[in-house]
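Asks: So the protein sequences, as listed, match chains X and P.
Counting from 550, one number per residue, gives the positions in the first sequence under our numbering.
Counting from -16, one number per residue, gives the positions in the second sequence under our numbering.
Derived from the structure by calculation, the hints contain no laboratory data.
The structure presented is a predicted model; accordingly, all values stated were derived computationally and were not measured.
Be a bit skeptical, because a hint or two may be false.
Straight-line distance between alpha carbons at most 30 angstroms, and here's what the computed DSBU-like set of lysine-lysine pairs gives [to be verified]:
#	chain 1	residue 1	chain 2	residue 2
1	P	LYS38	X	LYS643
2	X	LYS571	X	LYS594
3	X	LYS1057	P	LYS12
4	X	LYS1134	P	LYS16
5	P	LYS12	X	LYS824
6	P	LYS16	X	LYS1151
7	X	LYS1014	P	LYS12
8	P	LYS128	X	LYS1044
9	X	LYS559	X	LYS760
10	X	LYS1094	P	LYS71
11	P	LYS81	X	LYS1057
12	X	LYS1115	P	LYS16
13	X	LYS1115	P	LYS81
14	X	LYS1057	X	LYS1074
15	P	LYS80	X	LYS1115
16	X	LYS643	P	LYS16
17	P	LYS80	X	LYS1044
18	X	LYS1014	P	LYS141
19	P	LYS(-12)	X	LYS588
20	P	LYS80	X	LYS1057
21	X	LYS760	P	LYS141
22	X	LYS1156	P	LYS139
23	P	LYS81	X	LYS1128
24	X	LYS643	P	LYS54
25	P	LYS54	X	LYS1035
26	X	LYS1156	P	LYS81
27	P	LYS71	X	LYS1014
28	P	LYS89	X	LYS1044
29	P	LYS139	P	LYS12
30	X	LYS1115	P	LYS128
31	P	LYS54	X	LYS1168
32	X	LYS1168	P	LYS128
33	P	LYS141	X	LYS1134
34	X	LYS1094	X	LYS1044
35	X	LYS1119	X	LYS1107
36	X	LYS844	P	LYS128
37	X	LYS824	X	LYS588
38	P	LYS38	X	LYS1035
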Amino acid sequence: MPKPNLAEIKNAYDKHYKNITKKIIICAGTGCVSSGSLKIFEAFKKGLEARKINVSLHISEGCREVYLTKSGCQGFCQQGPLLSIGDIFYTKVKESDVEELIEKTVLKSEPVERLLYKNPADGKQYAKSEEIPFYKKQTRFLLRECGKINPGDINEYISRGGYFGAARACAEMTPEEVCKVISDSGLRGRGGGGFPTGKKWDLTRLSKGDKKYVICNGDEGDPGAFMDRSVMEGDPHAVLEGMIIAARAIGADEGYIYVRMEYPLAVERVRFAIKQAEEAGILGCNIFGSGHNFKINVMEGAGAFVCGEETALIASVEGERGMPRPKPPFPAQSGLFGRPTVINNVETLANIGKIMTIGAAEFRKMGTAASPGTKTFALTGHVCNSGLVEVPFGATIRQIVNEIAGGTANDRGEADLNAFKAVQIGGPSGGCLTKEHMDLPLDFDSLKSVGAMVGSGGLVVMNDKTCMVNIAKFFMGFTQNESCGKCVSCREGTKQMLNMLNDVSEGKATIKTLDLLDGLANVVKVSSLCGLGKSAPNPVLSTIKYFKDEYLAHIKDKTCPTNNCKALAKYFIDAVKCKGCTACKRACPAGAIGGEVKQAHKIDAAKCIKCGACAATCKFGAISAGG
Amino acid sequence: MSLEKLNDVIAILNEYDNNPSKLIPILQKVQQKYNYLPQDAMTFVANSLGIAPSKVYGVATFFSHFSIVPKGRHIIKICDGTACHVKKSEGIINAAKKRLNLTDEKHTSGDFMFTLECVSCLGACGIAPVAVVDEEVHPQMTPEKITALIDAVYAKEKANA
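So that you can see chain X by itself, here it is in the shape it has in the complex (with noise of 0.2 angstroms):
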C-alpha cells in the first residue's frame, strides 16, 4: 500500500495550476445536466480544441493554457446551466452560445452580457458569482468547496487541504482526543434530530467489540430536501474523510455508505471517490501509516423513506425489511450485524474533516451558542431563486427567503413579497413556519419550541394561493404511504388522519371530525415506535395550530379559500368573457352546462361533479372555480 504524501501532492498540483490562464467550470449537478449542461461541456472541448487551443481536462504535468472541468452542484439549480470563466458566472447558457463564449470570453476576457444573471427585483446584472444576492448572502462553508471543484479528482480535493485532517486524526491523534475535537465543536447531527455527534462517538468508542462499524446515512428521503445529494456529487471526498475520521475515533475497520437509489449521479460519483482513494492509498490498509484499516462498501437503498431511521437502515443493510426497531440498545451498542455502530448523516460527516483542519473553537465561531456551525437548506417551492444555500444557525426566514432567495414569487412566478404564506421546514416530519415567525432564528431548539424541526434541512416555501389543508393531506398521505406498518398506532392512526384530512377537504368533515383528528395526532406522536411516526402528525397540527380558520372555511362554510380542493368548488362562467364556442359543453360528461351557440353559457350547478374538466377546455379563460 502506497503512503500518500498529502503536502507532496498538494505542492505538485499548485505547480502545474499555475501554468493554467483559463479555467472554465461547468456545473454537473443532476439540476444542470437536465438542463444539458454535459452537451455545452462537449462543445466547449470541441470549439476550443477546433481552434488549437491546448485543453486540459485534469491539473497535471504539462497542462496549459485552458482549463475545462465540471463541478458538482454550485446550488442555483433553477438558473441552471450554469457555468464560469475565470471570475465571469453565466447562467441559463445554451450549447448554441458556447462559439461566442469562446471567441469573447475565453480568448478575449470579455463577458457576454446577455447570459449574466440578472436580478429580477431590480434588473441590475452581476458578472462574479460571489456578488449575485443569491450568493453573497450565504456563509458557504461546507460548501465551499461544493460547485467549485472537480469531484472527480481527489488531488484537487488534497489542494484544498482535504485529508490533512484525516492525516492528522490517523497518524498523530488518539481516539480519544479524536472525539473531543468532535465533542467541543459542539457539532450536532444534520440528519434531524441534532444529537451530538461527539457524544455518539464517545459511546460508541467505549463499547466493547471485536469489530465497529461506521456507516453514512445518504438515504435523503424527505421530499423537497437535496443537500445531501449536492454534497455526495459535489464534494464526495469530504464524505469518506469524515468517515475516516470517525472510523478512527470509535475503532471502526468497515464503513457502509448508503445512498437512496433515486440519486444514480450521487452513487456513480461516490463510487468513483472511493476507488481513487484506495489507489492513492487513503483508504484501505495502514491507512497513513497509523496500523489502522478502513474499507467503505457502498450500498444502495431500494426506495423506503423509513430506512432514514437509524435502526431500519441497518435492517436494511443486513438484507432484512427496513423496519425500525424499539430503542435501546442503540447502534452505538448493537447496531450492524449487532455490533457497536455510528451512524452519522451525509451534512455531518462532511463537516469532520474541516473540523479538524480549522478547530472546534474557530468553528464555534459560526452559528449559535446551542448549535454552532452551518447547515445546508433546499430552498424550493413558491421563490424566485429556488436552490441550495448555506447559512448559520440563527439567521432567519426572512434572511433566507427574502435577501438570499429573492422573494416569495407568486402563481405566475413573479416576485411578490406579500405572497408569502408559510414554509414548510423539514418536510413530512416537519411543520410549517408563518409571516409571525419570519424573524425566528433557526436552530435546533427554537425550531422544536414552535412545533416544528430542522429536520433534514428541506425548505418549501408556499404562497397565498396554497390551500394548508391540502398541504396537510399531502404530507399525510405520503407518511401514510411509507409506514412500515409495524407498529399500530402510526399504521392505522396514519391511515385515519388521512381519511379525516379527506373528508375536510371534501366537505364532508363535521366540526368533531377536527378535534379527534388533533386527539388522534397527539396519540400517534407519542405512542409510535420510530421517529417516522412520531414526527408524522407534525404537520396536521401545525397547520392546525397556525391555519385554523383555513380548516373552518372547510369545515363549516363547505369552502376552499384558496379554490385548491376541487370537491369544494363552485365553478362558474363569466358572461362577459364567455364567447358561446360549446366547447365546454361538450367537453362536460355530466351535461350540466347550458347556452345556445355565441350566447354565454351557464352552468346548473346541481349537476355539475366538479370534475373541472369544462374550465380546463376553455380557451378564453371565462371559466373559474370561485369559493
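With the hints as your guide, set chain P onto chain X.
Replies: Below, chain P alone, put in the same frame as chain X:
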C-alpha cells in the same frame, strides 16, 4: 426456469458470495436484468441463500423499487415530492395517465411500452416539476410537455420497428 435465466441468477449470486445479508443488492441485480422480479428467480434466490421464499417475497414487496409484475419497456417517473407538488405535478401525472390510458391501479400501458411511476422526490427540486423518462431528467414539466415526450418515444419506436 430456463437454463439461461438460471445461469444469470447463479452468476449474480456468486458475485455476492451467496451471502444472505446481500439479499437487497442481489434482487436489485436480478431486477436490472429482467426489469422485474420473476417468481421462479425469487424462489431460486431463496433456496440458494438458505432462507425462506416468504422472506424474499417480504423484502421484494417492502421496497418500492422492486416490482413483482413485469414493467413496460420505458419507465416514466413523475416526481410528486413537496416542491413538485406545490408546482402542480398532479396535472402532469393526470396528463400522462390520460395519454397512456392508465388508472390508479393500472401503471403499465396495455402495449407494455410504458410504466408510469409516481415518486416522492428525485432531489431535483430546484427545477421542479420534474419527470424522468428512461434515466433522462426533464426539468420544468407541463402536461403538454409530458404528452409530447411520450409521443416522441412512440414515434421513435415506430421508426425503429
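Asks: Hint by hint, note whether the structure agrees.
Replies: Going down the list of hints, with the structure as the test:
1. P:LYS38 to X:LYS643: Violated: LYS38 (chain P) and LYS643 (chain X) sit about 50 angstroms apart, past 30 angstroms.
2. X:LYS571 to X:LYS594: Roughly 14 angstroms separates the two Cα atoms, so the pair holds.
3. X:LYS1057 to P:LYS12: violated (47 angstroms)
4. X:LYS1134 to P:LYS16: It is violated: about 50 angstroms lies between the C-alpha atoms, which goes past 30 angstroms.
5. P:LYS12 to X:LYS824: Holds, at roughly 21 angstroms.
6. P:LYS16 to X:LYS1151: violated (56 angstroms)
7. X:LYS1014 to P:LYS12: violated (45 angstroms)
8. P:LYS128 to X:LYS1044: violated (34 angstroms)
9. X:LYS559 to X:LYS760: Violated: LYS559 (chain X) and LYS760 (chain X) sit about 34 angstroms apart, past 30 angstroms.
10. X:LYS1094 to P:LYS71: holds (25 angstroms)
11. P:LYS81 to X:LYS1057: Roughly 28 angstroms between the alpha carbons, so the hint for LYS81 (chain P) and LYS1057 (chain X) holds.
12. X:LYS1115 to P:LYS16: violated (42 angstroms)
13. X:LYS1115 to P:LYS81: At roughly 19 angstroms apart (the allowed maximum being 30 angstroms), LYS81 (chain P) and LYS1115 (chain X) satisfy the hint.
14. X:LYS1057 to X:LYS1074: Holds, at roughly 25 angstroms.
15. P:LYS80 to X:LYS1115: holds (19 angstroms)
16. X:LYS643 to P:LYS16: Violated, at about 36 angstroms.
17. P:LYS80 to X:LYS1044: Holds. LYS80 (chain P) to LYS1044 (chain X) sits at ~25 angstroms (cutoff 30 angstroms).
18. X:LYS1014 to P:LYS141: Given that 30 angstroms is the threshold and the Cα spacing comes to 43 angstroms, the pair is violated.
19. P:LYS(-12) to X:LYS588: violated (38 angstroms)
20. P:LYS80 to X:LYS1057: holds (28 angstroms)
21. X:LYS760 to P:LYS141: violated (57 angstroms)
22. X:LYS1156 to P:LYS139: violated (44 angstroms)
23. P:LYS81 to X:LYS1128: Between LYS81 (chain P) and LYS1128 (chain X) the Cα gap is close to 28 angstroms, so the pair holds against 30 angstroms.
24. X:LYS643 to P:LYS54: Between LYS643 (chain X) and LYS54 (chain P) the Cα gap is close to 35 angstroms, so the pair fails against 30 angstroms, i.e. violated.
25. P:LYS54 to X:LYS1035: holds (29 angstroms)
26. X:LYS1156 to P:LYS81: holds (24 angstroms)
27. P:LYS71 to X:LYS1014: holds (12 angstroms)
28. P:LYS89 to X:LYS1044: The hint holds at about 22 angstroms.
29. P:LYS139 to P:LYS12: OK: LYS139 (chain P) and LYS12 (chain P) at ~28 angstroms, within 30 angstroms.
30. X:LYS1115 to P:LYS128: holds (24 angstroms)
31. P:LYS54 to X:LYS1168: violated (37 angstroms)
32. X:LYS1168 to P:LYS128: Since the Cα atoms of LYS1168 (chain X) and LYS128 (chain P) sit roughly 18 angstroms apart, the hinted pair holds (cutoff 30 angstroms).
33. P:LYS141 to X:LYS1134: Violated, at about 36 angstroms.
34. X:LYS1094 to X:LYS1044: holds (21 angstroms)
35. X:LYS1119 to X:LYS1107: holds (10 angstroms)
36. X:LYS844 to P:LYS128: Not OK: LYS844 (chain X) and LYS128 (chain P) at ~45 angstroms, beyond 30 angstroms, violated.
37. X:LYS824 to X:LYS588: Between LYS824 (chain X) and LYS588 (chain X) the Cα gap is close to 26 angstroms, so the pair holds against 30 angstroms.
38. P:LYS38 to X:LYS1035: OK: LYS38 (chain P) and LYS1035 (chain X) at ~16 angstroms, within 30 angstroms.
The structure shown violates the earlier hints numbered 1, 3, 4, 6, 7, 8, 9, 12, 16, 18, 19, 21, 22, 24, 31, 33 and 36.
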